[in-house]
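Sequences are here, hints too, so could you generate the full structure?
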Amino acid sequence: MPLTVPEGSTILVLGSGPIVIGQACEFDYSGTQACKALKALGYRVVLINSNPATIMTDPDTADCTYVEPLTVETARYVIERERPDAILPTVGGQVGLNLAMQLHEKGVLTEFDVKLIGAQPDAIDLAEDRQRFKDAMVEIGVGVAESGVATTMDQAEALLEQIGLPAIIRPSFTLGGAGGGVAWNLEEFRSIVAEGLRLSPTTQVLVEKSLLGWKEFELEVMRDTADNAIVICSIENFDPMGIHTGDSITVAPAMTLTDREYQVLRDLALKILRRVGVETGGSNVQFAVNPDDGEVIVIELNPRVSRSSALASKATGFPIAKIAAQLAVGLTLDEIDNDITKTTPACFEPALDYVIVKIPRWNFEKFAGADRRLGSAMRSVGEVMGVGRTFQEAMLKAISSLEGGYPDVSGWSDERIRAALATATPDRLAAIFEGFRRGWDAYEVHHITRIDRWFLWQLAEIIHFEQSLEGRFVDTVSEGELRKAKRLGVSDGELAKFLACEIGDIADKRRERGLLPVFKRIDTCAGEFESSTPYLYSTYESEDEAGDDPRERVVILGNGPNRIGQGLEFDYCCCHASFAVKEAGYCAVMVNCNPETVSTDYDTSDKLYFEPVDLEHVQNVLDREKPKGVILQFGGQTPLKLSHAIGPVLGTAPEAIDLCEDRERFADFLRRLDIPQPENAIAGSVAEARLLAARMGYPLLVRPSYVLGGRAMAICWDEDDFEKAITEAVAASEIGSLLLDRYLGGALEYDVDALCDGEQVVIGGIIEHIEEAGVHSGDSAGVLPPVRSDARILKQLEDYTVRIALELGVVGLVNIQFAVVDGDVFVLEVNPRASRTVPFVSKARDVPLASIATRLCLGEKLKDIPIHPKGEGLFFIKAPVFPWRKFEGTDVLLGPEMRSTGEVMGVGWSFGEAYAKALIAAGMQLPSSGGVFLSIRDREKPASVSIAGALKHLGFKLYATRGTARYLGERGIECEAVFKVDEGRPDVVDHLKNGDVGLLLNTPEGKKAQYDELAMRLAGLRYGIPCITNVAAMKAAVAAIRSQRAGELRPIKLQELT
Amino acid sequence: MGAILLLEDGRTFEGEAFGAVTTRVGEAVFHTAMTGYQEVLTDPSFAEQIVTMTAPHVGNTGVNLDDPESERVWASAFIVRQLSRAPSSWRSEGGLHQYLKAHGVPGLQGIDTRALVRHIRDRGAMKCVVSTDGTSLEALREQLEAWPGMVGRNLAAEVCTSDAYVLCDPPDAPIRVSVVDGGVKKNILRLLEATGAYVRVHPITDPAEAWVDGVDLVFFSNGPGDPAASADIVAEVRKAIAARPCVGICLGHQLLALGLGATTYKLPFGHRGGNQPVRDERTGRVEITSQNHGFAVDRDSLLATGAEITHTHLNDHTTSGFMHRGKRVFAVQYHPEAAPGPHDSRGLIQQFLDFAAPTQGGR
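These protein sequence lines are chains P and D, in that order. By our numbering, the letter at position 276 of the first sequence is numbered 998, and the numbering carries on one by one without gaps. By our numbering, the letter at position 68 of the second sequence is numbered 1113, and the numbering carries on one by one without gaps.
Keep in mind that the hints were calculated from the coordinates and are not lab data. Fair warning: this is a prediction, and the values are worked out from it, not measured in the lab. Glycine included, each C-beta is placed from N, C-alpha and C at the ideal position. Treat the hints with care, since some could be wrong.
[What the hints assert, rightly or not] Pulled from the structure, derived: some chain D residues nowhere near chain P, Cβ distances all over 12 Å: (1) H1102; (2) L1185; (3) G1319.
[Stated by the list, open to error] Calculated lysine-lysine pairs in the DSSO-like style (CA-CA distance at most 27 Å, straight line): (4) K993(P) / K1231(D); (5) K1663(P) / K1592(P); (6) K1146(D) / K1206(P); (7) K1583(P) / K761(P).
[Unchecked claim] A few chain D residues that don't get close to chain P, going by computed Cβ distances all over 10 Å: (8) A1065; (9) P1101; (10) D1178; (11) G1179; (12) R1186; (13) V1196; (14) R1198; (15) P1252; (16) D1258; (17) G1259; (18) A1280; (19) K1284; (20) G1329; (21) A1383; (22) P1387; (23) Q1396.
What follows is the structure, encoded as structure tokens:
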């Protein structure tokens, strides 16, 4: 077929922006694939994406890269400047699709004569508009759930009359089902509808008959310009209807359909795809099937590459996003080669001879007060994929991949287990296993959960086998039994539990008996053709297909499932490590289990092992590959935990890693270097912690050791806080020791990322936090270069970094966090590994830190590596993005526990411009005029004067609580005094609702959040009004508003940095 | 209970038995469909073949009375990675183990089926024997050697209906079709019946005069064995071509090619699955098809007869369909009736009937 977009044209790719729940790094995977594919076809690729921690925004992925907010203004500017011929809107998630629709509606596409490729506005609208979609389905005779669309509460209630409870409410055009839910009673119904109407950009909700308990299936489909259409993968949800597919355990291929039923779904999927009119590319169609009679109802079609497409790509080896991009420009499926076999075309349907299981990873523990029940809005923050020859093996490998993200419910009462089965929460899978352990019947569990009996029997079989081993000893277990255990997928760790021994004993026993896994290829064709791509998984079978690479191997360990505190940033680093290893002439071997990532793309590394990043599975890979060494400093805390058990480690020695984790030895180490750290102590028990706290006095920062993302970390202002904190900390820590640090109030914090080869240190960048100390570094906005420190302080930060890195013997990357109080510099923390800030710094300075660090791990020296930082004169801001809306009832106050899911970068010629862009990209558009509400605690009232004055000067109308208004009034700044909640009406929340106020400035009074302040912050959140809770950020915001008003926000191209 | 698979080249796979306790010989083949095991087992084209499913879990949905493609299980033995003990489906009427047992077919599970598949792929389809009754390896080897293999086997004559019968005789039938049954699948008959045509079924062993008597179109079905095995049948096919428009599927495609004077050959390991891409050369469109064949029609010899290639297999560019306008023959190598497999090619049944219609004849 002739290309529909002429060769050499310019194509604009829209990214998906920051990582948020429902839209994560799968869109880096898809965007990167798309950019690479389009470039390879000879197009000039222009990219907009505000997320710096992506491979797609690397300066060489696209030809022109704008790390800028994904807004109509930015896009218009970029279109005007770069003059693309076409826009590909289908690889950037809902954000990319929505932006494309806005550009269409605002006439930008017509104005600049640029066409959408992949999906046309009408098809997008038809797929996304609930009513139009439903009508179209009825027209072609496809079953739909009884439902109706409402734009007002009255309409919704009228609909409910016909449909009845329970009912599902789905807002139109929202991400990850945000604002939707199942209502069991009228009260719940009204509250969900109200929320849904508010969140929907079109003020529209669909009220739908509940299909709870029906089986749920997804088909990933593709179509080309010649109308060839294929199904890439069928996915069956283990959890029946009622739980968002992103929060469901899913299995591929579908397990419980006969051919007749499967072909019905296939026929429908293709029919729907054609009716909706998705011209080319990948789509995802979801179905509900009545388990009693097979009645089929279509739920929705996503006219774009989705999270499920990423999973399907990894599950089959079929690169959906890459091919979607190729189809979008007019290639047809039969013209594209199957990358894996290299001998057959991409126009076929993959056959699987293995099973994959995806399990979501949740982080509810970080959101106190949030409802843990799973429903139609997605709230997981990551996922793992287990691959095995059987469902059982795949499921158990997926559980191993969760790394402790799997709850222990053995101590629960029968009632509690039953409740956990009846109401789906993240604990349900564990409760199912526990129920079987207690002898419950699969029928009974099926009756409560409505999970298909086939899955339950499979799981029960695992438990029955395990129970046959219980109470036995490793020496009395026969080879046959051990073999059966491993073929079932039971991990060495689980076996050790039943057989009362150490995990190493099981591994030894296995090796002694020659019971080692083999590695099989994921090849798209179930072995029908030879695969030239080593995309591998382990299993206990007879034939190994790993293949031997003649080059020396270097193994890179990935970061496992995304979770708050360990996400995309680490995957970015792992990919760079792999590229650098390849570049250096070695065979790069990747081990990871996260299906959303670029690192698990089969062409990122020379060999890919899709395996849990735990001791057993990593050791298996090392045994098979016998590598030169293993690199573990790029995968966050996950691989670091293995540093002692595996080797040889390339880069910083395990001893140095330990030193940084061991508070006592670390304190000695700093004392020896004469580098100060905040007063601190370590307690082995709760009693000891109380004694130490009494001796040190308050405020204190309390946390358990060995945790990531500040889990259970708290600032304690007094004993009450302290007691609460230690209870939390003990629950969160496996090891049980507690760390106590002096809390440095009012300190400025810094993140320094540096490279070291053991002899020389190069500072990658210094980031100054906008928020003061006490806010987790991952939740702080930060600016590079620092704007509030003098040269002396910066010199000192560099000096300390150099001394620490050299003394530790760092080889590779090190991240050091500092606090500065009154000109004194303290070391807070040293991480001898790649940090979350590496991609940000790399992008800002155009220095590939992770890649250079890898070369150092491989033995190169810094003196031999030319480093030319760019970006001089520009300001770079990283700003976090929070999932508050998904966790109704959680306070938005920032603290030492990290809760952001992603980040954006703002680039500007002034601090204000960069900060304004960062906030816009993070979804926190500051007002340029209107009203601002201030409620400032006494301690910070003096600092607020200049802020209030500046806002007044900018023409804002100021509202304030009576105390704040009086204080500011006395200093000549007039504010309208407003009642707090419960003081009288109209109160502050009324003003918010009425739209009088476009910005909330609130520093919480005292140590505890007062009820009325919480209510105000939550109301702000509800109505999308930005709320800033600390003075430093308020000052920055004033600068941002100034820039915004001056019209200074011009997109900047990364390739232009000098 | 242990079970064993012995291959012609001496390789063995040991696993667990299911189904019947017995020993069966056949040709080792693999099938890559992820659903539809009951249809595969009951497809007469699998006569004297020992089928390995590449999908690891088989038996999940049990068995039922609606899905079989014939009245019995034709595969000689069945090999799977993991048999599901208990089925889960609202249509299930029993488990696969009991079903195979009732049909006297042995099963082997728990082996590295992927290793077996790769072995067959690399070495080609070969003779093999599956035993679940403890027969000694020595005895198995003898049985294996005694089995004649697939080449030169006229199995169609063994699996077809014994007597001709009228399947349906609706009033005002727009067209009259006779089906030459060489192991026809039920779904072909179902689809023909659904068109409203008059349909009569003949054993492939009937003479051509019987096939062509009083019909507008002769439809050659799928079936097992070597198409070139019986010169007698090919001679009858040639007569049928001379007398009536002829269409065919799979074995029927091969027989019609032979009848035109083309040749057939054995593929290394065949095409068996539901994901096989075929391009319709007339439209350029690709259909994902269901296939099940070990022999293929030689492209050059077919072109030499004056036929045109209408369909090409995209994986290996073998002939998937042809049309001879002058002699009014149209046939495809794959299975538009699917079962199991995708329905992309369903429209072909109507194209076959249209091909016979006098107004469209010779198009």
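Hint-by-hint comparison with the structure:
no.	hint	in the structure
1	H1102	6 Å, violated
2	L1185	20 Å, holds
3	G1319	8 Å, violated
4	K993(P) / K1231(D)	26 Å, holds
5	K1663(P) / K1592(P)	40 Å, violated
6	K1146(D) / K1206(P)	25 Å, holds
7	K1583(P) / K761(P)	33 Å, violated
8	A1065	23 Å, holds
9	P1101	5 Å, violated
10	D1178	22 Å, holds
11	G1179	19 Å, holds
12	R1186	21 Å, holds
13	V1196	22 Å, holds
14	R1198	24 Å, holds
15	P1252	37 Å, holds
16	D1258	35 Å, holds
17	G1259	35 Å, holds
18	A1280	36 Å, holds
19	K1284	37 Å, holds
20	G1329	6 Å, violated
21	A1383	7 Å, violated
22	P1387	6 Å, violated
23	Q1396	18 Å, holds
Violation of the numbered hints given earlier is confined to hints 1, 3, 5, 7, 9, 20, 21 and 22; the remaining hints are satisfied by the structure.
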